[in-house]
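K.L.:
Take a look at the letters that make up each chain.
Protein chains: 2
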Amino acid sequence: MGLHRGVSIVGAGMTRFHNKLHIDKTGRELFVEAALDAAGSVDKGFSFKDANALFVGNFTSDVFEGQGHTAAVMADWLGINPTPAYRIEDACASSGAALNLGAITIASGMADVVIVGGVEKMSRLTTDQVTDALALAADSSFETSVGFTFPSIYAAMASSYFKKYNTTWDQLAAITIKNHRNCILNPKAQFQLDIIATGKKMGEKSGRIFKNEMEFLRSDLNPVIASPLKLFDCCPVSDGAAAVILASDKVARKYTDTPVKMIGMGQASDTIALHSRPDFTTLRAAVKASEDAYKMAGVTPKSIQVADVHDCFTIAEAIATEDLGFFPKGQGGKAAEEGKTALNGELPINPDGGLKAKGHPVGATGVAMAHEMFKQLRRQAGQHQVNGAEVGLIHNVGAAGASVAVQIYRRG
Amino acid sequence: MGLHRGVSIVGAGMTRFHNKLHIDKTGRELFVEAALDAAGSVDKGFSFKDANALFVGNFTSDVFEGQGHTAAVMADWLGINPTPAYRIEDACASSGAALNLGAITIASGMADVVIVGGVEKMSRLTTDQVTDALALAADSSFETSVGFTFPSIYAAMASSYFKKYNTTWDQLAAITIKNHRNCILNPKAQFQLDIIATGKKMGEKSGRIFKNEMEFLRSDLNPVIASPLKLFDCCPVSDGAAAVILASDKVARKYTDTPVKMIGMGQASDTIALHSRPDFTTLRAAVKASEDAYKMAGVTPKSIQVADVHDCFTIAEAIATEDLGFFPKGQGGKAAEEGKTALNGELPINPDGGLKAKGHPVGATGVAMAHEMFKQLRRQAGQHQVNGAEVGLIHNVGAAGASVAVQIYRRG
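For the protein sequence lines, the chains are A and B, in the order given.
The numbering of the first sequence is this note's numbering, which starts it at 1 and goes up by one.
The numbering of the second sequence is this note's numbering, which starts it at 1 and goes up by one.
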């Protein structure tokens with residue numbers, strides 16, 4: 001099955017992702033900032049009132065901010081009442097799912113123009129509270145109730161991966177190093193230090209000098225969070241928002257001569273509790289969602305020239321690049337180690353720094369990935385521009401893969 | 001704008017709504033129960049695996065149950081992985097909004113069959129905690145932070161209505177009496193007592209006998225909650241779930257010879273904070289959503305022969321029947337008083353007892369209304385069957401009207 005009519009991105013914006021910068025802002029203020037940035041990016045001009053619907057990806061503003069009914073709040077603050085507004089929640093895949101539904105709504109005939117945004121304001125809570133809030137995305141009956149939170153869930157996946165493929169944590173460290181090298185080229189990224197600079201800064205406090213990135217990552221200054229995952233294997237807590245403007249093929253050229261077409265989409269579900277799965281080293285929902293997206297787009301993994309994948313933990317990036325068909329099973333970490341996924345590699349992965357280094361305000365992440373593809377495919381990514389990419393893919397994961405949304409974009 | 005292809009309901013089910021009956025069940029168990037009831041209602045048989053997508057309306061299982069990522073949980077428990085699953089949150093209009101998106105997804109070409117459900121498991125919390133949780137749907141910056149909760153918000157609307165139209169609380173009491181007369185005919189309803197029986201039961205404890213329904217409602221046994229609203233003006237706290245199965249016109253006849261067509265839909269947004277509105281006696285979003293639905297359906301308010309409206313408080317029903325164009329402004333309460341909206345009246349409103357007496361597990365309410373239309377228009381509503389209705393409308397409100405979803409159904 002496919003969409004009855006084509007859909008393109010005609011504008012994209014985002015706030016900087018950060019854990020401290022936005023401390024005094026509410027989620028609604030961040031959302032408006034991202035939406036204004038998106039509107040400002042539309043070559044021939046855009047008024048919010050052009051939108052026939054608003055989709056807001058958000059995980060749990062209920063808990064993070066004491067505010068539900070999130071989409072109505074955002075419609076109000078964008079000044080677009082009575083435009084229909086829908087909040088979509090699929091854990092950390094909330095705004096990837098919202099992108100699918102935005103495109104579906106255009107294809108249905110009910111809209112020509114849709115704003116799809118995502119937002120999460122997490123920093124009001126302590127890190128422990130955030131960890132508990134995020135654990136709402138796991139299985140309350142069988143996981144969180146017995147103490148499982150996401151660092152430990154992904155740690156179990158990493159242990160299983162190491163055993164199955166006889167690999168080690170060094171490959172995960174290669175992903176950390178690569179994503180931190182990318183983030184310093186992206187002014188929207190939370191972290192603006194690569195691992196060399198981080199090691200120098202953190203080493204100075206204790207009078208230590210690290211010979212290279214790996215030596216720092218191996219040290220006790222990078223403590224274990226949930227073995228085998230260490231601090232720098234985990235994405236940070238972030239505040240932020242992102243927004244894109246989708247238009248039907250019929251009206252896209254009214255807004256820009258260089259739209260970015262959504263040529264494929266997929267979404268799939270899997271068991272929410274990790275223990276119900278036969279294999280911890282693959283996300284079945286990612287495999288299915290990407291297969292559907294490739295089929296709709298009429299392309300193969302070899303066609304993809306740049307990708308943003310959901311690296312909430314480094315192990316997640318290794319597995320993602322395998323599930324998406326970029327590398328054989330068990331070779332995702334090795335590909336990073338060999339530089340294949342670097343900014344100048346054969347298939348740049350997370351040129352924006354990824355969740356790991358760009359930050360992960362969970363509900364905003366899927367749309368922030370679409371923002372990155374819009375910029376990359378239009379050659380507007382600045383210092384982290386990938387050379388000559390025509391086709392890009394985004395992969396947004398909810399929880400440990402119980403929801404996965406994938407889209408494929410082509411330079412229009 | 002309209003849908004690219006037609007959509008019908010081919011099956012509908014729900015749990016009984018109740019505050020105590022389901023105390024030991026989780027939301028996922030209630031959801032499965034409702035979905036099984038819906039599948040069982042499909043004349044020619046239905047397998048959950050026939051569905052191409054799942055939509056789950058839910059307000060805040062995050063707070064009520066400590067479980068987010070609600071749609072993935074439900075897909076898992078229905079055994080339909082990897083089917084895409086989306087949670088839709090628009091406060092108490094969550095599942096009305098989910099119905100719109102389910103139909104939109106079929107119209108887009110991405111699905112032929114969609115399950116749309118709604119669920120809320122509220123009884124784990126105390127009534128005070130529930131009131132606070134529900135207040136997440138109001139404006140956290142400008143309403144809840146200064147003590148406003150929904151009883152007081154709707155009380156402000158009632159006061160304004162009384163003043164503007166020179167009417168009194170007696171008209172609201174007429175709505176209570178009517179909805180409780182209806183609920184005793186609906187075995188799925190939370191309350192199984194009309195106001196005569198309630199007055200008798202409650203009066204016995206203090207040795208009092210009430211001459212009629214109104215005398216009881218005026219008494220101190222019906223205490224003020226937020227003046228002018230009394231206890232019996234407010235819907236109860238409820239647990240429950242509902243589900244419908246939507247199919248494209250292309251495949252609907254595979255499931256039943258008597259589908260119920262969704263001939264019109266609308267959704268609209270309004271300011272979330274009440275104080276930002278020029279008039280508290282109308283929900284602008286309800287007016288807009290219904291205008292859009294009437295236009296798509298090619299009918300007028302006079303065409304509607306039965307309606308379920310969102311009577312979270314009695315004043316909401318009075319206003320709804322005006323916003324929807326059934327009665328002139330200021331005449332909604334009077335219409336109830338005159339019996340026009342009774343089960344055998346000229347336009348039966350809430351024949352199932354409404355939120356007031358059937359119960360209001362908030363995320364389930366919109367789909368429960370669609371369930372009611374499915375039964376009514378197929379002449380399967382049992383003792384609360386309305387005579388000969390061919391066209392019915394549902395009206396599902398989020399918060400004090402910041403989100404409103406409307407659908408119009410016709411016997412297929």
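Possibly wrong hints are sitting among the right ones.
As the list claims (entries may be wrong) - Listed next, the in silico EDC-like pairs over lysine to aspartate or glutamate satisfying Cα-Cα at most 20 Å (straight line):
no.	chain 1	residue 1	chain 2	residue 2
1	B	Lys-49	A	Glu-291
2	B	Lys-163	B	Glu-346
3	B	Lys-340	B	Glu-390
4	A	Lys-49	B	Glu-390
5	B	Lys-329	B	Glu-346
6	A	Lys-211	A	Asp-170
FYI, nobody ran anything at the bench for these hints, they're computed from the structure.
K.L.:
Taking the hints in turn, state whether each one holds.
P.N.:
Consistency of the hints with the structure:
1. Note on Lys-49(B) and Glu-291(A): the hinted pairing holds, with a Cα-Cα distance of about 19 Å set against a maximum of 20 Å.
2. Straight-line distance between C-alpha atoms of Lys-163(B) and Glu-346(B) comes to about 27 Å, which puts the hinted pair past the 20 Å bound.
3. Annotation: proposed proximity of Lys-340(B) to Glu-390(B) holds, straight-line Cα distance about 18 Å (limit 20 Å).
4. Restraint check: the Cα-Cα separation between Lys-49(A) and Glu-390(B) comes to about 37 Å, which exceeds 20 Å; the hinted pair is violated.
5. For a cut-off of 20 Å, the pair hint linking Lys-329(B) to Glu-346(B) stands: about 18 Å separates their Cα positions.
6. A threshold of 20 Å between alpha carbons decides the hint, and for Lys-211(A) with Asp-170(A) the separation of about 16 Å falls inside it, so the pair holds.
Checked against the numbered hints given earlier, this structure breaks hints 2, 4; the rest are met.
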